[in-house]
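Participant: Residue-level listing of the chains:
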Amino acid sequence: MLLTLLNQRLRNFLDQLGELAQLVGEAGRSLRHQRPSWRDFIDQLYFVGVKSQSVVITTGAATGMVLCAQTYFQFHKVKMDTATGAVVSVGMSSELGPVLAGLMLTARVGAAMAAELGTMKVTEQIDALRTLATHPVDYLVVPRLLATVVAGPLLTAEAIIVGIAASYMVGVNLLGIEGAYYLAYINRYTEPQDVLIGLIKATWFGGLIAMVSCHKGLTCPQGAEGVGRATTEAVVAASITILISNFFLTLLLTRLFN
Amino acid sequence: MALSAPDTRFVKEPNRMIEVRNLWKSFGSQPVLRGTSLRIERGEAVVVIGRSGGGKSVLLKHLIALLQADQGEVLIEGQNLCQLNERQLLSVRRKFGMLFQTAALFDSLTVYENVSFVLRRERKQTEGEIRRLVAEALEMVELPGIEEKKPAELSGGMRKRVGLARAIVYRPEIVLYDEPTTGLDPIAGARIDSLIRRVWQQLHVTSVAVTHDMASAKRISDRILMLHEGVIYADARTPEILNSTDPIVYNFVHGIPTHKPAANTTAAPFSPDI
Numbered sequence: 010m011l012l013t014l015l016n017q018r019l020r021n022f023l024d025q026l027g028e029l030a031q032l033v034g035e036a037g038r039s040l041r042h043q044r045p046s047w048r049d050f051i052d053q054l055y056f057v058g059v060k061s062q063s064v065v066i067t068t069g070a071a072t073g074m075v076l077c078a079q080t081y082f083q084f085h086k087v088k089m090d091t092a093t094g095a096v097v098s099v100g101m102s103s104e105l106g107p108v109l110a111g112l113m114l115t116a117r118v119g120a121a122m123a124a125e126l127g128t129m130k131v132t133e134q135i136d137a138l139r140t141l142a143t144h145p146v147d148y149l150v151v152p153r154l155l156a157t158v159v160a161g162p163l164l165t166a167e168a169i170i171v172g173i174a175a176s177y178m179v180g181v182n183l184l185g186i187e188g189a190y191y192l193a194y195i196n197r198y199t200e201p202q203d204v205l206i207g208l209i210k211a212t213w214f215g216g217l218i219a220m221v222s223c224h225k226g227l228t229c230p231q232g233a234e235g236v237g238r239a240t241t242e243a244v245v246a247a248s249i250t251i252l253i254s255n256f257f258l259t260l261l262l263t264r265l266f267n
Numbered sequence: 295m296a297l298s299a300p301d302t303r304f305v306k307e308p309n310r311m312i313e314v315r316n317l318w319k320s321f322g323s324q325p326v327l328r329g330t331s332l333r334i335e336r337g338e339a340v341v342v343i344g345r346s347g348g349g350k351s352v353l354l355k356h357l358i359a360l361l362q363a364d365q366g367e368v369l370i371e372g373q374n375l376c377q378l379n380e381r382q383l384l385s386v387r388r389k390f391g392m393l394f395q396t397a398a399l400f401d402s403l404t405v406y407e408n409v410s411f412v413l414r415r416e417r418k419q420t421e422g423e424i425r426r427l428v429a430e431a432l433e434m435v436e437l438p439g440i441e442e443k444k445p446a447e448l449s450g451g452m453r454k455r456v457g458l459a460r461a462i463v464y465r466p467e468i469v470l471y472d473e474p475t476t477g478l479d480p481i482a483g484a485r486i487d488s489l490i491r492r493v494w495q496q497l498h499v500t501s502v503a504v505t506h507d508m509a510s511a512k513r514i515s516d517r518i519l520m521l522h523e524g525v526i527y528a529d530a531r532t533p534e535i536l537n538s539t540d541p542i543v544y545n546f547v548h549g550i551p552t553h554k555p556a557a558n559t560t561a562a563p564f565s566p567d568i
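As they're listed, the protein sequences go chains A and B. Under this note's numbering, the first residue of the first sequence is numbered 10, with each subsequent residue one higher. Under this note's numbering, the first residue of the second sequence is numbered 295, with each subsequent residue one higher.
There could be a bad hint or two in this list.
[Claimed, not checked] In silico lysine-lysine, DSSO-like type, Cα no more than 27 Å apart, as pairs:
#1 A:K60 <-> B:K389
#2 B:K355 <-> A:K60
#3 B:K418 <-> B:K444
#4 B:K443 <-> B:K418
#5 B:K355 <-> B:K389
#6 B:K418 <-> B:K389
Note that these hints are calculated values from the structure, not bench results. Bear in mind the structure is a predicted one, so any value in this text is a computation, not a measurement.
Working from the sequences, and respecting the hints, build out all of it.
Facilitator: Here it is, written out as structure tokens:
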């Protein structure tokens, strides 16, 4: 009984992985052979990039502040207060910036994509698109993929900058760390590759969010319940994949750049 | 009523437009189509009737390859759709316009953007020409001047008419109608039917509709196919179907539940003549 259930779960997982791989392949073919609609791309870029700024800025600032405070409390015990800035800077650039921006984008953008495409699926709008001689991947997936791949690193860069600035405010103005030392340690210990690793991760996360969410939307089961389930599954699957792939990307990119 | 008007185009141009051969389709363990076969000639106005849940919409969706057959062939002008992938199907689908049961308008777009969708993606006309074509299509469905409205602002009947405008604006050769009058009051339904008839007559398209509404079937068809238990059970000119004494056809046409005895069951049953 348990084995049968596990077998079925594994089969479902592999089926979905196969469908996702097919969707990625189809998006690649579309990018090679079709001219993307710039208008749709700009619309999506506005939705993904501009409209997500408040969420990403708030997340970056809050993370920078709490990371600074917690690092300071621990480092203060061993008289290393001034190294706080370096820890915050490296942590925000290569890990927390891309991961938290990715998770926030998943919640805001991924959920919206899955719900929108899912609703289109259950109201026959995807079928209507196909009858109008339009491939759903060309019209729906590719502009979203391009928008998240472009907006992901930009929003992450914004989150990193805001996070470091917020940590400076907390560290220097609230916790009393010397400002010059704070900046000097940030400069000394933050390498360009730390930022580069963060931006590469953000690009990957952006593509991942779009593909997982669009896949869940396009394969949405019928009815309102189906749309709800597809949206939840998109957020859960994209979030987990971001967290797991982040670990492997850290190992891979650190080896590559060091 | 143009019900009995002879289709002269059909006589002059006996071209095979649509052919379905031995089509099988199941959903899970539930078989829906069990070896369905049919032929539709260029310029015909055909209606497929049958019980709700009997597979009419499934059959219609196979004609434009929105569903993949388990077995069998769907040929459009001799081209087998079952052998084409999704991207290859795009050029074949350009021959079709389809009106969905729910109209399926893109709710994030305006009426103008919906109707001009194909034309703007093809980029073959200037924006001015596209505006003119959209205005003509909306005029044809008796909804002029609503270009800037959103689908949510329209009634059910208006949405269907915009859906029809979207389906015909790029001059397809075949127009498919999935339950065109379902959910409409009798007057709105009759209006849609007259538009369907007008599109067929003025644009010289091949018209294929599925419906269980016999009043609508009478108005928009020259030939009726009856889908029963997954196969085409009856195939005849509209007056013959309406006057049929075959018990299954008679009961359906007159809305008599099958457990009751039919009014006249003496005639031999229909045999699919394809």
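Participant: Taking the hints in turn, state whether each one holds.
Facilitator: Each hint tested on the structure:
Pair hint K60 of chain A plus K389 of chain B does not hold up; C-alpha atoms about 40 Å apart against a cutoff of 27 Å. Proposed proximity of K355 of chain B and K60 of chain A is contradicted: the alpha carbons are some 38 Å apart, above 27 Å. Annotation: proposed proximity of K418 of chain B to K444 of chain B holds, straight-line Cα distance about 25 Å (limit 27 Å). For the given pair, K443 of chain B sits about 25 Å from K418 of chain B by alpha-carbon distance, which is consistent with the 27 Å threshold.
Under the criterion of a C-alpha separation no larger than 27 Å, the hint pairing K355 of chain B with K389 of chain B is consistent with the structure, at around 14 Å. Between K418 of chain B and K389 of chain B the alpha-carbon distance is near 16 Å, which keeps this suggested pair within the 27 Å criterion.
Comparing the model with each numbered hint stated earlier shows that hints 1, 2 do not hold.
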